[in-house]
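For the sequence shown, the numbering used here begins at 1 and goes up steadily by one.
Honestly, the hints are just simulated from the structure, not real lab data.
It cannot be assumed that every hint is accurate.
Said to hold, decoys possible - Listed below are the simulated DSSO-like cross-link pairs for lysine-lysine, each with C-alpha atoms no more than 27 angstroms apart in a straight line:
(1) 141 <-> 122
(2) 204 <-> 136
(3) 54 <-> 136
Unchecked claim - Pair by pair, the computed Cβ-Cβ distance ranges are:
(4) 522 <-> 409: 18 to 26 angstroms
(5) 190 <-> 406: 43 to 51 angstroms
(6) 471 <-> 169: 32 to 40 angstroms
(7) 475 <-> 569: 41 to 49 angstroms
(8) 503 <-> 207: 41 to 49 angstroms
(9) 394 <-> 123: 50 to 58 angstroms
(10) 409 <-> 362: 27 to 35 angstroms
(11) 369 <-> 403: 32 to 40 angstroms
Just so it is clear, the structure is predicted and the values come from calculations on it, not from any experiment.
Positions of the beta carbon are idealized from the N, C-alpha and C atoms, including for glycine.
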Amino acid sequence: MAISEASEPDSEDTRDAQMSVNSVRFRRECILPSFEDISDLNRCFQKFSFEIRKVERRTLSKFEIDQTSGKLFLSNEDNLRASIALNSLQSLVDTNRRSHFSKKAPKRSKEPKKKNYTFQEKLSSNKEKREKTLLKRYSQKLDPALTFPCEGSLVIPSDELDVYEYFGGAQLALLNPIRIKLHCFIEYSPKLSLIHIRCADYIKLKEALRHASYQRLERSRLILHILNVDCSYSNTKVFYDREFILSRKFLPRRIHLRAIASHSSCTNGTTFEKIRTGNVQIMKNYILASLFNVYLYIGIVYVRVKIGVPLFERLKISENETNTNTVEDASKILLEKQTQSSFLRYLAPNDVSEKILASMESIKDERGNQVFEAFRTDHLTVVHFTLIDTQSCKKTLTAIWDKPVGRPNRWYLESSMKDALSITHCNLNTLSWNFYIKYGKPSRDSKAYSDFASSIVMDSNARIYFSNTSQIFVQTIIIKLKHKFYHITSGYHLHLTRFEGHSMGQSKYIDSDRQPGIQTYQLGQDTSILRYGLSFWDPNWDRLFVENQHRLSGSSPTYEPSLQTFFPKGIEAFIYHSQSITLQVASLANHFDGDQNIFEADNSISDSMI
Numbered sequence: 001m002a003i004s005e006a007s008e009p010d011s012e013d014t015r016d017a018q019m020s021v022n023s024v025r026f027r028r029e030c031i032l033p034s035f036e037d038i039s040d041l042n043r044c045f046q047k048f049s050f051e052i053r054k055v056e057r058r059t060l061s062k063f064e065i066d067q068t069s070g071k072l073f074l075s076n077e078d079n080l081r082a083s084i085a086l087n088s089l090q091s092l093v094d095t096n097r098r099s100h101f102s103k104k105a106p107k108r109s110k111e112p113k114k115k116n117y118t119f120q121e122k123l124s125s126n127k128e129k130r131e132k133t134l135l136k137r138y139s140q141k142l143d144p145a146l147t148f149p150c151e152g153s154l155v156i157p158s159d160e161l162d163v164y165e166y167f168g169g170a171q172l173a174l175l176n177p178i179r180i181k182l183h184c185f186i187e188y189s190p191k192l193s194l195i196h197i198r199c200a201d202y203i204k205l206k207e208a209l210r211h212a213s214y215q216r217l218e219r220s221r222l223i224l225h226i227l228n229v230d231c232s233y234s235n236t237k238v239f240y241d242r243e244f245i246l247s248r249k250f251l252p253r254r255i256h257l258r259a260i261a262s263h264s265s266c267t268n269g270t271t272f273e274k275i276r277t278g279n280v281q282i283m284k285n286y287i288l289a290s291l292f293n294v295y296l297y298i299g300i301v302y303v304r305v306k307i308g309v310p311l312f313e314r315l316k317i318s319e320n321e322t323n324t325n326t327v328e329d330a331s332k333i334l335l336e337k338q339t340q341s342s343f344l345r346y347l348a349p350n351d352v353s354e355k356i357l358a359s360m361e362s363i364k365d366e367r368g369n370q371v372f373e374a375f376r377t378d379h380l381t382v383v384h385f386t387l388i389d390t391q392s393c394k395k396t397l398t399a400i401w402d403k404p405v406g407r408p409n410r411w412y413l414e415s416s417m418k419d420a421l422s423i424t425h426c427n428l429n430t431l432s433w434n435f436y437i438k439y440g441k442p443s444r445d446s447k448a449y450s451d452f453a454s455s456i457v458m459d460s461n462a463r464i465y466f467s468n469t470s471q472i473f474v475q476t477i478i479i480k481l482k483h484k485f486y487h488i489t490s491g492y493h494l495h496l497t498r499f500e501g502h503s504m505g506q507s508k509y510i511d512s513d514r515q516p517g518i519q520t521y522q523l524g525q526d527t528s529i530l531r532y533g534l535s536f537w538d539p540n541w542d543r544l545f546v547e548n549q550h551r552l553s554g555s556s557p558t559y560e561p562s563l564q565t566f567f568p569k570g571i572e573a574f575i576y577h578s579q580s581i582t583l584q585v586a587s588l589a590n591h592f593d594g595d596q597n598i599f600e601a602d603n604s605i606s607d608s609m610i
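Kindly generate the complete structure, drawing on both the sequences and the hints.
Now the structure itself:
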């Protein structure tokens, strides 16, 4: 390979050094492993031309190939640099040889063998191809104006369910088997909180809605959810948590858990009454199972029943292809008066609320009897402190006052309470209702929280004092004033609750922000809107149970409760009274507001705050 001439040196010293390198005096022959021929040597230099130039530049050397003799010469005036250059070249040559000998010999060309697929493999392969094709078709977005013979909507109850998490992202990937099997289009509308299904066959539509509701309930953490008991489309499903405490040991021989078979669309009250009666029996079984487990533990037990408007699945089926039933049409369901609110989320202006409170004693039942025996003002105050520690861990501490002065009577961390039972029943009779039991021992898992709780006190002017510490500070506070209790002839109580919520650092009523030291908050600042909830309970339900000595051994408890403990007049009577009262209160509120529906959904406060 011919050697290219060097460029013109920039300085006199560089020119002298270049002349010394190119002189014959410092030109020496390199003894390297022999190559096959001169062309092999040239190929090696061409392959590593960049690396060789780098070696020459760093060692002030020059490699030359004598094309006639096939010898390699090195020009360098310094022995050390010459040695470095030769070692570097030796490494390049060794690399070239290793890569050369590591190449596998080319295989002889043979005709590829055809793989013999079994019959089952062919079927499986064809099935996968068909499913991919179907999924691609039924996952595409459709024009809302398109008409389908059958359309249905599954309304998602308001229980803080993350729809995208439980259904596999925005594409609802967990519903793909339904798309493939039943050949239907499925989409989710976040604004309307419903899943809309379109297909060409009525039977497939019913099955798709059933599978979608099953996915929604199975993946959520509800212990029991009785769904969809209305006259237009009757289908009852019960889902039981198999991780229920001691369920494997005690429940199989005590509780019969079964679902009621689906009934055809009913046209008279007899069929509906049959469904309702059967559902009440299922609820009795589950309540018994829950109470049985609750009594294995010590601590506070909370039993509440929340009353709300029905949220249930409605079937919208076109009689012919000319009728259009789109998602926009389905939204009309949620605009109807009985479906505008979820469980216990009512907003009313303060003046309307005061009229409601003043007229409660005037409410009569269907027999003309007074619903409320009397009402009184109770000084029960509940404050939820959202606390953050140094590890950015957030917990809610709840303090409860029975009297409007002094230190709280009791406190507990929300995370220490367990859900023993949660029944969500849609449209049982006229309204939907939620029955739940929480239990647990007041937590003392950290001295930091005990120190904070000991600093909470209320003075006679309804000012709450509390102290941030070096370990935890208050982020937000939510105050519940359950100052209106109504005693009902059925033996249960109804309460109206006013809420106040403030974020620390944003309220002008807070003296300091996130700093150790005493802070204060004046109750009763938010009086423009009265947020109130309707719930029913027996005061005897809230009690501190004696520790059961047999709970650790796994044997039967010494005391097992009965339904009469919580429902002296039976569940049927409780349902009748609670729903009748709720309807009358709602009617009274709308009357005072000029027949306007003031019961609008309010999701600003969590369900756990009621």
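Hint-by-hint comparison with the structure:
1. A threshold of 27 angstroms between alpha carbons decides the hint, and for residue 141 with residue 122 the separation of about 32 angstroms lies outside it, so the pair is violated.
2. For a cut-off of 27 angstroms, the pair hint linking residue 204 to residue 136 stands: about 19 angstroms separates their Cα positions.
3. Between residue 54 and residue 136, the direct Cα distance comes to roughly 56 angstroms. Violation of the 27 angstroms bound is thereby established for this hinted pair.
4. A hinted range of 18 to 26 angstroms holds for the C-beta pair residue 522 and residue 409, which are about 21 angstroms apart.
5. About 47 angstroms separates the C-beta atoms of residue 190 and residue 406, a value consistent with the hinted range of 43 to 51 angstroms.
6. The hinted window of 32 to 40 angstroms between residue 471 and residue 169 holds, with their beta carbons roughly 39 angstroms apart.
7. Distance hint for residue 475 and residue 569: a CB-CB separation of about 44 angstroms, consistent with the stated range 41 to 49 angstroms.
8. For the hinted restraint 41 to 49 angstroms between residue 503 and residue 207, the CB-CB distance of approximately 47 angstroms keeps it satisfied.
9. About 53 angstroms separates the C-beta atoms of residue 394 and residue 123, a value consistent with the hinted range of 50 to 58 angstroms.
10. The hinted range of 27 to 35 angstroms is satisfied by residue 409 and residue 362, whose Cβ atoms lie roughly 34 angstroms apart.
11. Between residue 369 and residue 403 the C-beta distance comes to about 34 angstroms, which sits within the given range of 32 to 40 angstroms.
When held up to the earlier numbered hints, the structure conflicts with 1, 3 and fits the remainder.
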